[in-house]
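A.B. asks: Chain residues, written in single-letter form:
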Amino acid sequence: MAERRLQRAAAVLLAGAFALPLAAIVVRAFADAWRAPAIVPQQLGLRGIREALSGATLEALTNSLVVAGVVTAIALVIGWPAARVLGERRLRRPAPVFLLLALPLLVPSYATGEGLTEWFLRIGLIDSLPGLVLAHLVLVLPYVILVLIAAFGPPLTALEEMGRSQGLGTLSRFRLVTMPAVRPTLAAAAFLGFLVSWSEYGSSLAVGGGRPMLPVVLLPFVRSDPQVASAISLLFLAPAIGALLIASRASRSPL
Amino acid sequence: MPALAVIVVLFGGALAGAAKTSLVPLTNSGLGHPTLATWRALVHDPALWEAVRFSVRIAVLATALSAVVALTLALVLRRRGTTLRTLVALPVPVPHLLVAVVAVLWLAPGGLADRIFGALPFDLVRDRAGVGIVLVYVYKEAPFLVLLLLAAMGRGLADREEATAVLGASPWQRVRWVIWPAVRGPLVVGSIVVAAFAMGAFDVPLAVGPNSPLTVAEYAQQATANDVLAGEGLQAAALLVTAGVSMLLAMIAVRFAKDVQGG
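For the protein sequence lines, the chains are A and B, in the order given.
4 is the number that the working numbering gives to position 4 of the first sequence; each next residue is one higher, with no gaps.
Counting from 1 along the second sequence, just add 255 to a position and that's the residue number in the working numbering.
One chain only, chain B, in its complex shape (with noise of 0.2 Å):
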């Protein structure tokens, strides 16, 4: 397969070459030895944790919002014309970074909340908590997953359903044991893909974000900003960590998966 050997090589290549950059220092008479002082000096810097914890609660509160939005919209909207489905689904060809923008215009102080409904009592862009940068994958994701349900719930769901009703089965337990299972698989899928997104990506923080903390890729981005060389290490091995975090949530995500399935 051609496609693997792409993926193999480019993406394996960029993997290897993250480390090699993180493992060997630049000095200013080319390359160094070998080392783990780049590692040791990221693992022992207090800013890299905050980012870290900030990064994951991020991804973890704009994925579990984005699922329970659109979980409930699907079930919604299952028995509804294509009218509704298109409408929900407009967000997904929008970029990112263009949601940002939206959420600048209107969210942030002096934006246009705050000029039809008077100063809002809290900040939604570049607040500490990063609720801006949630609000955007939100706005952004939910519509992709609930394309990803819809597309699961097909007609033979219906039938199904229809005939654990004749069975006297109530509402709830039609949720329980018909629909669950038909989209727990696309739902925990996509979950995985927006939270490594949510994890990795920088452009929404820098636009919506706070100055402080800063996200991992934020942090990563820094590093060169502060110090050329010692600085492309730090950033491989922060970039190496946020990759670490991303597939360590999408384990948690399928082995939770897992364990909804034995239940």
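Excised from the complex, chain A in its bound form (with noise of 0.2 Å):
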């Protein structure tokens, strides 16, 4: 009895640890004035909303969006091969292979972005979405193999052998028992890849400073606007949100 009420305070206390300080940010995007020492808004508005939502902020919103998307795509497909190969350990020496593929997650991306601008300025790439979906993709793809290989192994290949030996043909065995079984680590990858793009700053700066994505239209307005701030940050939760959403109800495990 007592541990059960020990656990329920646990649980209390940790949604308040989540939702109190978010809720503050939803107070303040609806706070047209709220001076210290004032523990309630003086006075609720919308004129943070409407800042949000002027032109440069939408824009920014929808070429965030365009580019996680296309890149959790892209990372998808070229990781997969690559996590299959490491996962079943058909790799004689995968370390320097593993070292290699994870080796853009120690280098700060803003130093791979500033890298990459030195050739994209040549190829017309900077300032372009397809110059951002590489930057991105150069920091996605490590993420996206890391988790995919766990879905891989001597289970999965058991499996697909089964169903091999039933008569199944390659596309079909693809499609109910490969994809059945390996979507739940896609679905993590999936949401992590574009979870990284999403909140990606310092690659986004340094190749589409003339494309503005929306960490980068948010930050100046911390230090001097929290209004806007807070509006913005809403529009920036929000897909991340839904992302976990779409993400835990494709995880659901069919077998």
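Simulated from the structure, these hints should not be mistaken for laboratory data.
Errors might be hidden in some of the hints.
What the hints assert, rightly or not - A few chain A residues that don't get close to chain B, going by computed Cβ distances all over 12 Å:
#	residue
1	Gly-45
2	Arg-47
3	Leu-53
4	Thr-62
5	Val-66
6	Arg-89
7	Leu-156
8	Leu-159
9	Glu-160
10	Gly-167
11	Thr-170
12	Leu-171
13	Ser-172
14	Val-177
15	Met-179
To be verified - Rough simulated footprint, nothing fancy, chain B against chain A, three-plus residues with beta-carbon under 8 Å:
#	region
16	116-122
17	224-234
Predicted model only: the values in this text are computed from it and were never measured.
All C-beta atoms, glycine included, are put in the ideal place defined by N, C-alpha and C.
Since each chain comes alone in its own frame, lean on the hints to assemble the complex.
C.D. replies: Set out below in structure tokens:
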């Protein structure tokens, strides 16, 4: 009984530690006037929301969504074979490959972005969506592969072998055996990939200074105008929560 | 593997590009001859070394605190239900910059914490010690590490623990000889990723960090603001320094993990 009460208290505490700080963002976004030392705002209003929905921010929101979506899709497609080979331990010496794939995680994204700028300037990719996609891909791909590796291994190979012996063709084996088994991990990898691209600041600034992404637009307001910063933060949070919901739905294993 | 090709071309290209920018100066008439002048100027700038010290301190502090908090939470949570686990994982999808906004709203001078508890006796946001930056990273990264740790503390671990308990091992011995070997790998890998991120990211320091000292990434960004032509090279060189320091930290972490394993 005491144990259960303790658990409930812990749950409330954790939920509070997450929700309370974020609640301040919601209130701040709708507070036209909230001067110290008042604990509740003096005047509510939509100035922040209006500002957040104005041209530049909306454009940045679209850019960020497009880039994050496209990058995640590409990373899943080209990360799959790599994760499969590594997960099934088909390489004699996996360590160097593994290290090389993980290396971009060790280098600041701003450095990667600035380095790419040197070449992108020449081939006209600077300030373009394809340029941003390529720059983000360097950072998203390692995360996606590292997560996806967990999906592959002897259990899956055995299942596929069973499918083959039952006369399933390549396509139906993929659809009926591989995909359902891999789906939860695939969802987790997609979710993480989307988030990495969505929150990426350094390389977005370096490669796409002239094509604003949401974090780049948000940052200056954090110091200058907390109300607008909070309103943009709400836009910033919504797709992240959406991605979480989609990923957790997709991750329910049918097996 | 197409993935390998992508990483080699894009990432290798990026490093080569940064190295080239740092070696070949831009002049008003175009590209100059390759020279080490930029690097010489960089290593003789005391501001750079101050930035390196500040960045390393933030990265190490944030990572160590996150790891300790995560390990404690994971040990407590591994026998609990999914509700608590889900609640702990909630900050994972929240972007860093958003946590920084929250920190500013609550902890900045005149922020909500000041208003509720009266004036706080210390600064947490834009303080010279960078406490605000560390707090933002811990809030964000500890749950990420908890997820990694809980994944490593799977079903098999409970069985092994039970077996050692039957053999008469004390709780501390069980942690030391059963749990720690199982979680050490994921913890070290996760910590390396966290440290490298804290070392190189500069959106959080820009939002909640002090105007001085700067982190290396901020230093690099300011270089171009001061002098557009010479700044490009200085920026690239400073960023390569950051990359080098991150890899050095990673190597130390791996080394440390091996020592622990041997001990």
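A.B. asks: Of the hints stated earlier, which fail here?
C.D. replies: none
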